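2 protein chains.
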Amino acid sequence: MLVKPSIISGLVRLTSHSPSSSSSVLRRQEFLVRTLCGSPIIRAMSSTSEADAESVLRTVTPSLDLKRHKGQAGKIAVIGGCREYTGAPYFAAISALKIGADLSHVFCTKDAAPVIKSYSPELIVHPVLEESYSISQLSEEDKREVQDKVLGEVGKWMERFDCLVIGPGLGRDPFLLECVSIIMLLAKKSNVPFVIDGDGLFLVTNSIDLVHSYPLAVLTPNVNEYKRLVQKVLNCEVDEQNAEDQLRSLAKQIGGVTILRKGKSDLISNGETVKSVSIYGSPRRCGGQGDILSGGVAVFLSWAQQLKSDPESPSENPAILGCIAASGLLRKAASLAFTKHKRSTLTSDIIECLGESLEDICPAS
Amino acid sequence: MLVKPSIISGLVRLTSHSPSSSSSVLRRQEFLVRTLCGSPIIRAMSSTSEADAESVLRTVTPSLDLKRHKGQAGKIAVIGGCREYTGAPYFAAISALKIGADLSHVFCTKDAAPVIKSYSPELIVHPVLEESYSISQLSEEDKREVQDKVLGEVGKWMERFDCLVIGPGLGRDPFLLECVSIIMLLAKKSNVPFVIDGDGLFLVTNSIDLVHSYPLAVLTPNVNEYKRLVQKVLNCEVDEQNAEDQLRSLAKQIGGVTILRKGKSDLISNGETVKSVSIYGSPRRCGGQGDILSGGVAVFLSWAQQLKSDPESPSENPAILGCIAASGLLRKAASLAFTKHKRSTLTSDIIECLGESLEDICPAS
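Protein sequence lines, in the order shown, are assigned to chains B and Z. Using our numbering, you'd call the opening residue of the first sequence number 839 and step up by one each time. Using our numbering, you'd call the opening residue of the second sequence number 839 and step up by one each time.
Note that these hints are calculated values from the structure, not bench results. Each hint should be verified, as a subset may be incorrect.
For identical chains, the list gives no copy identity; a pair is met inside one copy or between any two copies.
What the hints assert, rightly or not - Under the rule of at most 27 Å between Cα atoms (straight-line distance), these lysine-lysine pairs were calculated in the DSS-like manner: (1) K1178 with K981; (2) K994 with K948; (3) K1178 with K1100; (4) K1178 with K905; (5) K981 with K948; (6) K981 with K1180; (7) K1102 with K908; (8) K1070 with K1102; (9) K981 with K1102; (10) K1102 with K955; (11) K987 with K948; (12) K987 with K1146; (13) K1026 with K1178.
Remember, predicted model here, so these are calculated numbers, not experimental data.
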């Protein structure tokens, strides 16, 4: 990797910054130095390497500052939650807050809303989505009107969000998924990044054009979801022997979206670089950990996006940085929760460890 | 009890296993040695003996391993929860998770679902069962259609579950119980084990054919439920003087199902062996402890079933092992909760002690 003289002069200029911003500047400086010295983070764009997740966490996490106001540390929205599933969108949304986002919204069905609201008063829960069963008596015209209303309710908020998480507890209702398809189009139109997980991946796998070539899309498939993606997009089976190359091909084939393949090691690619995160972790496989991850990717991606306006910011793709940071933090929190709760560790216990884990890596003051 | 040479050679072979599996192999080896030496667990198939519950717990509880993925440590479903009762299915389902299952579902009525969901985001709660009052206006044909829909909703999940718990908070609504009868048939058809408790026992006592000769059925009656079972099946009263023999006869009469008779000592029989668990315990008799037990039996039975594929596994019936393990763990957790909370000990307090109690007997790492 060639080092541009402008980056080096930028590094030198960093020392002249005001004291109030010195902490974050220093962190970015440290990041640049690692980059220039060929740290594992960005050693080679075409080879796999273990990411230095802690370093990425320190880089993307913004300094807290009394001058900042509500919303600047991130406004996240989860699109998910239906009559059947309410835990998953809650886990994603509350994780975003616990990591440090300022505001976390959930857009779910009318049935799911009171339940998700009851889990926590911290969330803003919009009961706006509709499932087929609640509109089955309507004419096609009236259904279209319902759809327009749903899209209006979500759309009016769209530009206020830094990132969406689409899919946790979404279910597979056709009418609902059709609305969510259009929500993705709205997000793309407004350049709002989104993380696709759970049933959102079911939707996207069957309609890959929804995310194709959108550089702000992140997919976070588990073993089975990844298998279906590979079959659908690459027309072959998962090749564990060439996991990194296959992941890179898959991401490239979908036009450079970022894919975080969850597993014993998490593998991350945008069709060019491939990074892995293998640190820490817990052997407990209780359901819901993927929801923490999706909420975490949304927050860290938002923070990494904010860094882009800084001329001294790392040049790495914000989506890649968001995935590395979220994967690293989840693993550390899961490990900490496991030391406390052992076999009885549940997803809520891991969420309770997010703050302590992040503080350990990246102290707030 | 004769010792087969093949078992001894199996024991010898155990020493050559890889280090990664040595912990679980050693536990099974220890179990076999106890068996061969005539430990209290399986001393004689025809006499009652106090089970070594801690040893059984160590044997059936799987090692945790980073390579495992979500679901492999158990997927449990509770069939229960109606307009009147919501606590019982929650206690059973959350206990399964706290002991170490990966996923815990509840299938309940539409009224019960939002409440059960609100107790914990960790559970997946399906609002699919129907009670008579909600379909009283329907024609017989429409009622049949509703029943088909209920069965379809439960049936499509059936093969994914390792064990069902049928009965906690089920209520006694005739339409609902008819659906549950057919759910039992579906479970038997798919060879899914089930634990019958609470109102599930009311149903089964009146229709004993539902479980007759199904070796993967476990009934967990309390004093009154046991009394009705004995009256119905054996046409006599409970005989405390010959409790073990009567229990064995009862289990045999129902075709070799496993019965866990709850009491000062828990007695367990499948019509052949009779085991008792008398350790630990708490003098507090708050409602809900039976629900913990039923959820626990489901998890441990699932784990004991997994052992069956291991050639070095104990030969004891998985249902018997599941009952011994769950009884022992509940007693230990209840005892621990009582030392902390005394007279104010509630079922939730005992559930909070499940993890610590299991960890004490069988450390996760």
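Hint-by-hint comparison with the structure:
1. K1178 with K981: neither (50 Å within a copy, 50 Å between copies)
2. K994 with K948: both (18 Å within a copy, 25 Å between copies)
3. K1178 with K1100: Close inside one copy (24 Å), not across copies (32 Å); limit 27 Å.
4. K1178 with K905: between (37 Å within a copy, 21 Å between copies)
5. K981 with K948: Intra 16 Å, inter 24 Å, cutoff 27 Å: intra and inter.
6. K981 with K1180: neither (49 Å within a copy, 47 Å between copies)
7. K1102 with K908: Classified as between: cross-chain Cα gap 11 Å, same-chain 37 Å, threshold 27 Å.
8. K1070 with K1102: This pair counts as within: shortest intra-copy Cα distance 23 Å, inter-copy 53 Å.
9. K981 with K1102: Intra 44 Å, inter 48 Å, cutoff 27 Å: neither.
10. K1102 with K955: Close neither inside one copy (33 Å) nor across copies (30 Å); limit 27 Å.
11. K987 with K948: For K987 and K948, both the intra-copy (13 Å) and inter-copy (22 Å) Cα distances are at most 27 Å.
12. K987 with K1146: neither (35 Å within a copy, 52 Å between copies)
13. K1026 with K1178: neither (42 Å within a copy, 39 Å between copies)
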